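Starting from the structure of chain A, add chain B where the hints point.
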Amino acid sequence: MAAGVGGTTGAGRGDTVFRILLTGLAAAIPLVFLALVAQLAWSSWPSIKAFGFRFLTSGTWDPVAGEFGAGPMIFGTLYSSLIALLLAVPLAIGVAIFLTEFAPLWLRRPVGTLVELLAAIPSVVYGLWGIFVLIPLLRTYAIPPLQAALGWTPLFSGTFYGSSMLAAGIILAVMILPYISSVSREVLAAVPPSQREAALALGATRWEAVWSAVLPYARPGLVGAVVLGLGRALGETMAVVMVIGNRHDLSVSLIEPGYTMAAVIANEFNEAAGLQRAALFEIGLVLFAVTLAVNALARFLVWRVARDSAAGSKAL
Amino acid sequence: MISRVARRRLQSHVMTGLTVVAALLALLPLFAIFADLVVKGASSLTWDFFVKNPPAAGATGGGVANAIVGTLLVVGVGSLIGLPIGVGAGVYLSEYPDTAFAKAVRFIADVLNGTPSVIAGIFVWTWVVRPMGHFSGFSGGVALAVLMLPMVTRTTEEMVRLVPNSLREAALALGYPRWRTTLGVMVRTAWPGILTGGLVAIARIAGETAPLLFTTLGNLNFKTDLMQPMQTLSLQIYVFATSPFVAWHRLAWGAALVLMGMVLLIGLGARWVTRSRMTRG
Chain A
426 MAAGVGGTTG AGRGDTVFRI LLTGLAAAIP LVFLALVAQL AWSSWPSIKA FGFRFLTSGT
486 WDPVAGEFGA GPMIFGTLYS SLIALLLAVP LAIGVAIFLT EFAPLWLRRP VGTLVELLAA
546 IPSVVYGLWG IFVLIPLLRT YAIPPLQAAL GWTPLFSGTF YGSSMLAAGI ILAVMILPYI
606 SSVSREVLAA VPPSQREAAL ALGATRWEAV WSAVLPYARP GLVGAVVLGL GRALGETMAV
666 VMVIGNRHDL SVSLIEPGYT MAAVIANEFN EAAGLQRAAL FEIGLVLFAV TLAVNALARF
726 LVWRVARDSA AGSKAL
Chain B
3 MISRVARRRL QSHVMTGLTV VAALLALLPL FAIFADLVVK GASSLTWDFF VKNPPAAGAT
63 GGGVANAIVG TLLVVGVGSL IGLPIGVGAG VYLSEYPDTA FAKAVRFIAD VLNGTPSVIA
123 GIFVWTWVVR PMGHFSGFSG GVALAVLMLP MVTRTTEEMV RLVPNSLREA ALALGYPRWR
183 TTLGVMVRTA WPGILTGGLV AIARIAGETA PLLFTTLGNL NFKTDLMQPM QTLSLQIYVF
243 ATSPFVAWHR LAWGAALVLM GMVLLIGLGA RWVTRSRMTR G
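Residue numbers (our numbering), protein chains in the order written: chain A, 426 to 741; chain B, 3 to 283.
Next up, chain A with everything else stripped away, as it sits in the complex:
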């Protein structure tokens, strides 16, 4: 931009002081980051030393014996996020296609704003709604027919107590939907109109133009939007801790309780000491590393499609 201008005008001292001041403020961000990484590594060291790689797969969580493993929590984090993605992705991409391709112009802004309003609802309010509205609804209307039809599969075996993997997955789906749909919208809007027009000119129907011209062009960006949603789901804490049941057992059943990495930190950190606290820090370290990798991948994918629009930086 205007690099170097300050130096040549000879305005001198004021500019130097100003630049040092701004640099100092900007340095706060890498400082926080370094302090965070150093602290997570330092605090989890006793646990890393005691359990090694076994920590990531072991299912034992025994504060009395001092034996800890994060296997069920890592599984629960991935499993609940997968359920959330399966539910949210078709909806979110459907919304994005509707809003960029089909909806009348006057409808696009208000509907888009309303969907994004889902992102404004605090996590703890989602949890409250999950406990008192969603879980009773599931208990009355969804679980009995599901168990009658699919009770023989491992997915619906066991007893439904309310708090469950399914409840967490549904709440997470609602929470990540606005993120996926808003980035998908930006990505679809960034597809050059010529792609659409060429397909239509060749005689494609409006849907065929979307399916065969717009979506293939946008695919990496859409995948990026989904990966971004995954990043959100992996780290979500309060809503999950309130509806997932917080049980240290590994089960593929959707209707049984589970645990996630974020939830176990939220639930047990204040009561933990010694090796248990170190184990919780190590879970935090793993969660931090996973979300970092996932978010970096999402940013790269969105950037590939929408590098010229504001999509990447705005949404990420």
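Hints in this document: simulated from the structure, not taken from any laboratory.
Keep in mind that this is a model prediction, so the values were computed, not measured.
Among the hints, erroneous ones may be present.
What the hints assert, rightly or not - Here chain A is said to cover these stretches of chain B; the calculated rule only asks that three of the stretch's residues, wherever they fall, bring their Cβ under 8 Å from a Cβ of chain A:
{"id": "1", "region": "101-111"}
{"id": "2", "region": "123-131"}
{"id": "3", "region": "149-159"}
{"id": "4", "region": "177-183"}
{"id": "5", "region": "212-223"}
In this text, a Cβ means the ideal position worked out from N, Cα and C, and glycines have one as well.
Okay, now just chain B, sitting in the frame of chain A:
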């Protein structure tokens, strides 16, 4: 037999219809949650709700005055720390965009933006709560500032970058020093946008709960001392919703309605600031 063209047209209509269904399904939870908040929360909003503290476990009556005041204080501390640093860092990124340091800061800000908020909680617990020896409203404010910082930085950068470079060149040509050009022309022109970004960030942190669990901790009593454990609406909703007491459940819904109202009001304020800039510009 329907013709190929008719079939393709039908397919197009069906798929369009499915995207409409997706939009309706996406809006369903929004309306359901807002309706439940109003239906279950509004009846709690008595005078007592705003001026009294929570009742003892199992008792009825009372309010969430302590949590409302605590939320304002903790969010206030977070904003006082997070906003100035974030705006300064954002101005740095927009003014010296291509230095290696700026690129690193930008990347790290984005990384921090995606970090789960519960991690900010254990981070601030280690650096603030443990050295101080006790939980406090102040440490919660620090945790919220950590969450705010990268958001404010990136929006500020974008807003200042939207200002046409010709304004900068005009100011420099008139002999303004660099720092006055930046503050008096660039930042001043971008100010409504920076303010909007700040308000959006405040709305985001006002509803945060996870980082406050290990910092402000929560408190059933009325506290204005920032060095003491403090209640916030979000913590109160969590504790009350997961308790077995019906009276506390009612207060949780009321608190959720108030919190949602606060978040929406701040969000509306942000929109209003943006709009007033648009009509004036």
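How the hints compare with the structure:
Coverage of a stretch by a chain is defined here by at least three residues with a beta carbon nearer than 8 Å to that chain's beta carbons; for the region 101-111 of chain B and chain A the count is 6, and the condition holds. Residue count for the region 123-131 of chain B with a Cβ under 8 Å from a Cβ of chain A: 6. That meets the three needed, and the coverage hint holds. Counting residues of the region 149-159 of chain B whose CB lies closer than 8 Å to any CB of chain A gives 4, which reaches the minimum of 3, so the coverage claim holds. Given as covered by chain A, the region 177-183 of chain B passes the check, having 5 residues with a CB less than 8 Å from a CB of that chain where 3 are the minimum.
With a threshold of 8 Å between beta carbons, the proposed coverage of the region 212-223 of chain B by chain A holds, since 4 of its residues qualify and at least three are required.
Checked against the numbered hints above, the structure breaks none of them.
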